[in-house]
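Peer 1: Dock chain B against the given chain A, drawing on the hints supplied.
2 protein chains.
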Amino acid sequence: MSDKSTIEEGLVLAPKFDADGLVTCVVTDARNGDLLMVAHMNAEALKRTVATGEAWYFSRSRKALWKKGESSGHTQRVVEMRVDCDQDAVWIKVEQHGAGACHTGRRSCFYRMVPLRQTGAVALEFRDAEKAFDPNTVYGKK
Amino acid sequence: MSDKSTIEEGLVLAPKFDADGLVTCVVTDARNGDLLMVAHMNAEALKRTVATGEAWYFSRSRKALWKKGESSGHTQRVVEMRVDCDQDAVWIKVEQHGAGACHTGRRSCFYRMVPLRQTGAVALEFRDAEKAFDPNTVYGKK
Chain A
1 MSDKSTIEEG LVLAPKFDAD GLVTCVVTDA RNGDLLMVAH MNAEALKRTV ATGEAWYFSR
61 SRKALWKKGE SSGHTQRVVE MRVDCDQDAV WIKVEQHGAG ACHTGRRSCF YRMVPLRQTG
121 AVALEFRDAE KAFDPNTVYG KK
Chain B
1001 MSDKSTIEEG LVLAPKFDAD GLVTCVVTDA RNGDLLMVAH MNAEALKRTV ATGEAWYFSR
1061 SRKALWKKGE SSGHTQRVVE MRVDCDQDAV WIKVEQHGAG ACHTGRRSCF YRMVPLRQTG
1121 AVALEFRDAE KAFDPNTVYG KK
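Residue numbers (our numbering), protein chains in the order written: chain A, 1 to 142; chain B, 1001 to 1142.
The following block holds chain A by itself, in its conformation from the complex (with noise of 0.2 Å):
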């Protein structure tokens, strides 16, 4: 099989990590298939959410790994994780601790929708938005 027929169609894990070292990891609700969040992991990130099956991730913004609910105590259990095609990107099903997996309080990072089939300037409306833990209060912030 050529490099491409291996990767897509062969039974190795052979994550293909962007220039940042990362595959994008996206994270649903294993209790409802609702979309959670989308984040990311670097090989070692990847490593212990495999060898713990508890959600870990790099932050960008951090450049840190950063296992989930470390702060929070809203800790992921992966019930299953799942490579794509290419191998750039996994899936996880994930049975969520605490309240929520956003760190604004809410449950799931995407409580807007983008209006569609118009034009011009685009007016988000909440959706699903309510506050599920206060984040003041969770993550210590005075």
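Hints were generated in silico from the structure; no laboratory data involved. Possibly wrong hints are sitting among the right ones.
To be verified - Computed footprint of chain A on chain B, listed as stretches where at least three residues anywhere in the stretch have a Cβ under 8 Å from a Cβ of chain A: (1) 1100 to 1112; (2) 1121 to 1128.
As the list claims (entries may be wrong) - Below, computed lysine-lysine pairings styled on BS3-like, alpha-carbon distance capped at 25 Å: (3) 67/A to 93/A; (4) 16/A to 67/A; (5) 16/A to 1063/B; (6) 16/A to 1131/B; (7) 63/A to 1016/B; (8) 63/A to 47/A; (9) 1131/B to 1067/B; (10) 4/A to 1131/B; (11) 1016/B to 1004/B; (12) 1067/B to 1016/B; (13) 1093/B to 1047/B; (14) 1093/B to 93/A; (15) 1067/B to 1093/B; (16) 1004/B to 131/A; (17) 1016/B to 131/A; (18) 1016/B to 16/A; (19) 1067/B to 4/A; (20) 1093/B to 131/A; (21) 131/A to 16/A; (22) 1004/B to 63/A; (23) 1016/B to 1093/B; (24) 4/A to 1063/B; (25) 1004/B to 67/A; (26) 93/A to 1131/B.
All figures in this text were calculated on a predicted structure; none of them were measured in a lab. Ideal placement from N, C-alpha and C gives every residue a C-beta, glycine not left out.
Peer 2: Same frame as chain A, now just chain B:
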């Protein structure tokens, strides 16, 4: 509000494009919530998707704007679009026309499972990997 608050709590669509001018796009099946693919949008792809309600992407490998289905006929009608907290990712729920979203012939790009809670070499396992169409026929490869 600070810039961070405006981006996270405001109702203005202000996508945070990366160094390559892209945001991540998560594509799920509006019918059953399954993750179909992860792609990228540049400003023009995002604008066209919002304006037309049909999915447009930017191909990182071909470095080209790309209407989903322009080669395969397997277009995607966007039922709902959302944006995440820091506006560097969008989520579209689509009606997938034609047999599938993946260029390998599957309905979804995520047709291999990564076994969890193990160390060492990982052997992927096929899941929902039956081909929905013949890519050689659809894409006219020799």
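Peer 1: Confirm or reject each hint.
Peer 2: Hint check results:
no.: 1; hint: 1100 to 1112; in the structure: holds (count 8)
no.: 2; hint: 1121 to 1128; in the structure: holds (count 7)
no.: 3; hint: 67/A to 93/A; in the structure: holds (16 Å)
no.: 4; hint: 16/A to 67/A; in the structure: holds (22 Å)
no.: 5; hint: 16/A to 1063/B; in the structure: holds (18 Å)
no.: 6; hint: 16/A to 1131/B; in the structure: holds (23 Å)
no.: 7; hint: 63/A to 1016/B; in the structure: holds (18 Å)
no.: 8; hint: 63/A to 47/A; in the structure: holds (17 Å)
no.: 9; hint: 1131/B to 1067/B; in the structure: holds (22 Å)
no.: 10; hint: 4/A to 1131/B; in the structure: holds (17 Å)
no.: 11; hint: 1016/B to 1004/B; in the structure: holds (11 Å)
no.: 12; hint: 1067/B to 1016/B; in the structure: holds (22 Å)
no.: 13; hint: 1093/B to 1047/B; in the structure: holds (17 Å)
no.: 14; hint: 1093/B to 93/A; in the structure: holds (17 Å)
no.: 15; hint: 1067/B to 1093/B; in the structure: holds (16 Å)
no.: 16; hint: 1004/B to 131/A; in the structure: holds (17 Å)
no.: 17; hint: 1016/B to 131/A; in the structure: holds (23 Å)
no.: 18; hint: 1016/B to 16/A; in the structure: holds (23 Å)
no.: 19; hint: 1067/B to 4/A; in the structure: holds (23 Å)
no.: 20; hint: 1093/B to 131/A; in the structure: holds (23 Å)
no.: 21; hint: 131/A to 16/A; in the structure: violated (36 Å)
no.: 22; hint: 1004/B to 63/A; in the structure: holds (19 Å)
no.: 23; hint: 1016/B to 1093/B; in the structure: holds (21 Å)
no.: 24; hint: 4/A to 1063/B; in the structure: holds (19 Å)
no.: 25; hint: 1004/B to 67/A; in the structure: holds (23 Å)
no.: 26; hint: 93/A to 1131/B; in the structure: holds (23 Å)
Hint compliance for this structure: hint 21 alone is broken.
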